[in-house]
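*Asks:* The residues making up each chain are set out below.
Protein chains: 2
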Amino acid sequence: MNRITIKDIARQLEVSTTTISNALNDKPGVGMVVREKIVKMARKMGYQPNYFAKGLVSRQSFAIGLIVSNIADPFNSELALGAQEKINDLGYNMMLFNTKHSNENEKRIIEMLISRGTDGIVLSTALQDDPNIDLLNEMQIPYVLVNRLILNPKKAGRIDSVSVDSYGGSYKAATHLCRLGHTKIGIIAGDMQASNAILLTQGSNDAFAEFGISIRPDLFVECGFSRRKAFQAAQGILAKKNRPTALLIQGDNMALGVREAAYKASLKIPEDLAIIGCDDISISSLAGIELTTVTQNQYKMGMASAQMLINKIKGQNQSGSSSKIVMETELIIRNSCGFNLRGYVR
Amino acid sequence: MNRITIKDIARQLEVSTTTISNALNDKPGVGMVVREKIVKMARKMGYQPNYFAKGLVSRQSFAIGLIVSNIADPFNSELALGAQEKINDLGYNMMLFNTKHSNENEKRIIEMLISRGTDGIVLSTALQDDPNIDLLNEMQIPYVLVNRLILNPKKAGRIDSVSVDSYGGSYKAATHLCRLGHTKIGIIAGDMQASNAILLTQGSNDAFAEFGISIRPDLFVECGFSRRKAFQAAQGILAKKNRPTALLIQGDNMALGVREAAYKASLKIPEDLAIIGCDDISISSLAGIELTTVTQNQYKMGMASAQMLINKIKGQNQSGSSSKIVMETELIIRNSCGFNLRGYVR
DNA sequence: TAAAATAACTTAATCGTTAAAGTGATTTTA
DNA sequence: TAAAATCACTTTAACGATTAAGTTATTTTA
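Taken in order, these protein sequences are the chains called S and Z. So the first sequence is numbered by the working numbering: it starts at 1 and just counts up by one. So the second sequence is numbered by the working numbering: it starts at 347 and just counts up by one.
It is possible that part of the hints are untrue.
What the hints assert, rightly or not - Simulated pairs of lysine-lysine, DSS-like, Cα-Cα distance not exceeding 27 Å:
no. : chain 1 : residue 1 : chain 2 : residue 2
1   : Z       : Lys500    : Z       : Lys390
2   : S       : Lys54     : Z       : Lys453
3   : Z       : Lys646    : S       : Lys100
4   : S       : Lys300    : Z       : Lys500
5   : Z       : Lys500    : S       : Lys264
6   : Z       : Lys400    : S       : Lys54
7   : S       : Lys107    : Z       : Lys390
8   : Z       : Lys453    : Z       : Lys658
9   : Z       : Lys400    : Z       : Lys373
10  : Z       : Lys390    : Z       : Lys400
11  : S       : Lys241    : S       : Lys264
12  : S       : Lys44     : Z       : Lys646
13  : S       : Lys184    : S       : Lys240
Said to hold, decoys possible - If you want the footprint, here are the derived chain Z segments under chain S, 3+ residues with CB under 8 Å:
no. : segment
14  : 497-510
15  : 628-638
16  : 678-685
Honestly, the hints are just simulated from the structure, not real lab data. Beta carbons are placed, not taken as given, at the ideal position from N, Cα and C, and that holds for glycine.
Between the sequences and the hints, there should be enough to build the whole structure, so can you do that?
*Replies:* What follows is the structure in structure tokens.
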């Protein structure tokens, strides 16, 4: 039952453990004949290196932590899939954590990851003024932000990130609503501590301004990125006497909650209410859902962030420059805004 | 930059490392005064134990591997959420892996997990005659099967598992279709090497038999559990001249693919085609989808399997008995079968 | 052909922690 | 009150790998 160690092989072959180690790791200092004998014997005995021992001396765990708010959110699970595949392809392993939108949880997770000697962290839950980012910096652990970043240019300069052009995406979405003739537009916003929500809001605001439209303050609701919260927020907004004719929603998963609220209030989409989402999760394209939205390839983002992190881990001696990838967005017109019914009016 | 170790604290306080270790791990042999001094100093210096060192001596990694086919499948992500929360609550960490439906990948993952000294594995991808199960047994690593199990009673006796009463669920689903008057029924099956597909098929077959209905062989298609594959399978079945009036589909995510195929073929659900799914993922209840299905609480399954595994890890000295949890199912009637239109005819 | 270099090894130290086996000093027991 | 037990520590060894620093024997160089 006891695992085979390097010592067992050494005893069998009557050579030193160093030679075994060198042979198995393709290092010089071992002759052809002995090397082959060792490799064969290791295979025969079913030798598997002990990663604790290896990690203790090499200070490398080949483990990467991925922190998401909630893996059951399709946005995150798609992102996790991309990250996981890339991480494994590059010879690492992924540990997954859910913060459940709690900064406290996030902190615990980061501390734990550090104490476990995790090689790096992909963080998708960063908030502005997040003390956990300072923690990451202090501990000098390689990390990459994905999806959300830090906007403060003073801090952002040193931080690697993979994100989407949320500003541009939201600008397109808002423009779409305006051109369809909507003027009474509501916004269901995520968490205004999150960069994407901030940029999304800026983008739509700028578009609205260009059309001379101003958003009534009571039609802007910040509710967090979950489906359930968005459902509740929409219920509130749609119950108003002077309800909006269109809602711009800062995430497709949230938009699904909004849809439910609309149907529950007997409002037809898009006839009574136009809605536009924001990240094109796979559900959005389903028949019967057909949510108009803005693309964001989560899978690619996951891959790119993992790749970036591992590059960083491997080339630690590099200059102080940081990598930033910002992905383009594209408006996907489906049936939740009424374009296919009426087309643009302006 | 170098991490604080037990030695650093020992040097500061002029005591031995053993005393530090004992104090920090609440072990006897340390006086009150010294103990408190040590705890305080450790906190002050920001000491974090090195898990490689700890694991090397204790042979415990506090890491658990969760193996799923594809985390982007809502069934799996919900399951992963439950597992992750329970695993963390119990002081462990979860490493996530996607097999992408490949037995080869599964093998690689298991081997890697073992070589890393993972404390245990939750496996959701088990197949009948799966050599990887034998591998797990040989290596004596604690594991629990979730969702899918091994049916062969000779092997199953020793295996812990958390599953759903697939037979009963499918029996209910098939009965529902029969009572609605359907006789030309097709089955979109998952992977007949997976226990749930096998039991699901048995359950529906038995129900059909009771109603004197036999399934035309060309209307039974085994296509694997993915949405895309189910889409393709449904396209094939629906293109037949003598197409079925109802489809029983062995998974909600698959059913979503089937829906798309139906709509693409200009078939209305439920008027032209009744469909019934199988695990009640959250999407299924969405307005516009409203899939009739059979409940399976993935979140609870994830939790239960994690709990079971950790119980097993902690109490290794126990008897040879195995734990098996089988969860009940419930038919959820929504709008994809036409019950709300016509009710039962028999 | 003697000195230097190289190849193929081994020995010993190390990573950070825990466990087993001491060591005195103090307290309990008979 | 002498022997036994307890307490609060320390010293040493171990976990399984890697790495730095030897040690031979063999080959190369000048």
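*Asks:* Does each hint fit the structure? Answer for all of them.
*Replies:* Status of each hint after checking the structure:
1. Z:Lys500 with Z:Lys390: violated, 56 Å
2. S:Lys54 with Z:Lys453: The hint holds at about 22 Å.
3. Z:Lys646 with S:Lys100: Cα-Cα ~17 Å, so holds.
4. S:Lys300 with Z:Lys500: violated, 45 Å
5. Z:Lys500 with S:Lys264: Since the Cα atoms of Z:Lys500 and S:Lys264 sit roughly 52 Å apart, the hinted pair is violated (cutoff 27 Å).
6. Z:Lys400 with S:Lys54: holds, 13 Å
7. S:Lys107 with Z:Lys390: holds, 17 Å
8. Z:Lys453 with Z:Lys658: Holds: Z:Lys453 and Z:Lys658 sit about 22 Å apart, inside 27 Å.
9. Z:Lys400 with Z:Lys373: Roughly 15 Å separates the two Cα atoms, so the pair holds.
10. Z:Lys390 with Z:Lys400: With a Cα-Cα distance of about 21 Å, the restraint between Z:Lys390 and Z:Lys400 holds, given a limit of 27 Å.
11. S:Lys241 with S:Lys264: holds, 16 Å
12. S:Lys44 with Z:Lys646: violated, 42 Å
13. S:Lys184 with S:Lys240: holds, 12 Å
14. 497-510: Per the Cβ count (0), the hint is violated.
15. 628-638: Satisfied; 6 residues make the cut.
16. 678-685: violated (count 0)
Hint violations for this structure: numbers 1, 4, 5, 12, 14, 16, all remaining hints satisfied.
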